[in-house]
Amino acid sequence: MSAAAVVPVREKSVAFDLERIRKDFPILRTKVHGHPLVYLDNAATSQKPQVVIDALVRYYEGENANIHRGVHYLSQIATEDFEKARKTVQAFVNAADPGEIVFTRGTTEAINLVAQTYGRVNVGPGDEILITAMEHHSNIVPWQLLCEEKGAKLRVAPINDEGELLIEEFEKLIGPRTKVVAVAHVSNALGTINPLRQMIAMAHAQGVPVLVDGAQAVPHLAVDVQALDADFYTFSGHKMYGPTGIGVLYGKTALLDAMPPWQGGGDMISSVTFEKTTYNKLPHKFEAGTPDMAGVAGLKAAIDYMNGIGIDRIAAHEHDLLQYATETLGRLDGVRLIGTAREKASVLSFVLDDVHPHDIGTILDQEGIAVRTGHHCAQPVMDRFGIPATVRASFAAYNTRTEVDALARGIRKVREVFA
Amino acid sequence: MPELRDLYQEVILEHSKAPRNYKVLTSANHRAEGYNPLCGDRFTVYLEMDGDRIREIGFQGAGCAISKASASMMTQTVKGKTKAEAEQIFEKFHDLVTGHAPGDAAQLGKLAVFSGVSEFPMRVKCATLAWHTLEAALEGKQEKVSTE
Chain G
1 MSAAAVVPVR EKSVAFDLER IRKDFPILRT KVHGHPLVYL DNAATSQKPQ
51 VVIDALVRYY EGENANIHRG VHYLSQIATE DFEKARKTVQ AFVNAADPGE
101 IVFTRGTTEA INLVAQTYGR VNVGPGDEIL ITAMEHHSNI VPWQLLCEEK
151 GAKLRVAPIN DEGELLIEEF EKLIGPRTKV VAVAHVSNAL GTINPLRQMI
201 AMAHAQGVPV LVDGAQAVPH LAVDVQALDA DFYTFSGHKM YGPTGIGVLY
251 GKTALLDAMP PWQGGGDMIS SVTFEKTTYN KLPHKFEAGT PDMAGVAGLK
301 AAIDYMNGIG IDRIAAHEHD LLQYATETLG RLDGVRLIGT AREKASVLSF
351 VLDDVHPHDI GTILDQEGIA VRTGHHCAQP VMDRFGIPAT VRASFAAYNT
401 RTEVDALARG IRKVREVFA
Chain H
1 MPELRDLYQE VILEHSKAPR NYKVLTSANH RAEGYNPLCG DRFTVYLEMD
51 GDRIREIGFQ GAGCAISKAS ASMMTQTVKG KTKAEAEQIF EKFHDLVTGH
101 APGDAAQLGK LAVFSGVSEF PMRVKCATLA WHTLEAALEG KQEKVSTE
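One line per chain: the protein sequences are G and H, in this order. If you count the first sequence from 1, position 293 lands on 293 in the working numbering, and the numbers rise without skipping. If you count the second sequence from 1, position 104 lands on 104 in the working numbering, and the numbers rise without skipping.
In isolation and in its complexed conformation, chain G is listed as follows:
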């Protein structure tokens, strides 16, 4: 399938049919403690529509074979579908070339890949890596490891009380020693959407490449890596209705070409002797070993599914839900929202009186409501707001206003228990 063939699917999509969408997700029929499941933990992982589940089954039932290897029928089919899926991903983020799409286990692995290849070659003693105060641990620790190894320094751009990046501070922190800027597109703990285009332009003005952690962005807004001019863009399948264990590293061809390989093994080579190995071309250079072929089939199905609804329609629905939830919860006594940026996606983080989020999580669970409670793998964010943890409700295409009302009822129940 060519890139052009994917795009019209978006245009073909009809009006946003919430009831139909909910029927696409078999798990939403689950009862939890006698209540219908209200799944509001989508920032941790989203649920999967039947088409994605079917794609996994279809792969194993009909075409399982190792790719890029065999000359036999199944291997050929599997290879073709694998590379077709790569083109679907390419179109999804509007990359210039399918060779710029590297399949990884997820966002975390994609960031580690860049830190361990691009980073190791380009970062030296006294150099700096710039991140923001709202990063997920997966966009902190890989850079800390690199800094430790190289004697480099991690710099952190601060955020304000609303959870927005202080863009002037960010710009000031980009200096002659800055070798990489690594930032979240959307904050997983706060929901803040960063002004990415502006940030990337600031970094590029100083000749610094930018890696984007897009894990929380791709499920909720249309991403165009070329329009953003991102150097690296990373995301996970499982947060965007796809299977676990599959993710993507987008990288500009020139950068990926210049980088050394990461893991060695099969598929990433073009020839091996005991004296010397030459590496395969992009993207295979970075895909050592047998990849998650079923996962890739599932990821393709997830993208097709999202395109079928229309990402802009998903975004509009979630925006409406977030606004409704912000107003509804904002009216409840004792609720304090954490993360009130002007530009937000999907995430509503809050604390309630002095009730610990874990107690809230347990009580909500008894009502069938699944939320995340804790530090959300973003401990520095919690420290910034002087709290140990928050409750986080995060929305997906299938969530409803009725579910937001259920959440509000649940919170009132928490207050009754702890009155």
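In short, the hints are calculated from the structure, not lab data. Warning: the hint list may mix true and false statements.
[Said to hold, decoys possible] Pair ranges (Cβ atoms, derived): (1) G:Arg342 - H:Asn29: 53 to 59 angstroms; (2) H:Gln9 - G:Asp17: 42 to 48 angstroms; (3) H:Ala84 - G:Arg331: 36 to 42 angstroms; (4) G:Ala408 - H:Ala18: 55 to 61 angstroms.
All figures in this text were calculated on a predicted structure; none of them were measured in a lab. Quick reminder that beta carbons are idealized off the backbone N, C-alpha and C, glycines included.
Could you slot chain H onto chain G? The hints should help.
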């Protein structure tokens, strides 16, 4: 189906709001820090040991209702007990909250109110954090204990 009121019993809520022995013990000759990295609960347990006996005990920190109430009631229970006695109570308490020996609840006195925790496996670590910390303090371990 697990019942919420089994977990959040009145006594537990009351202790979580007004924890006993919630103080830094200046006379402490043993102390340990406990941390649950999954939820960020963090407690320090202070002991003033008189030989093998816990003469005085205090704790401070932050955590959920279950972990705070558990710490509070633990301090009441083990005060005046020997190291061996305290460890034995922890063993029984652990069995209780993990549902391994619910029949022993009667022997635990007031601590039996935590029997509901066994229906909430995700909360076992909350109930046992202070106890693990106590154990570390009794052993005189200096390093931070973690539930992970």
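Q. Hint by hint, which ones does the structure fall short of?
A. Checked against the structure, the hints that fail are numbers 3, 4, while the rest are satisfied.
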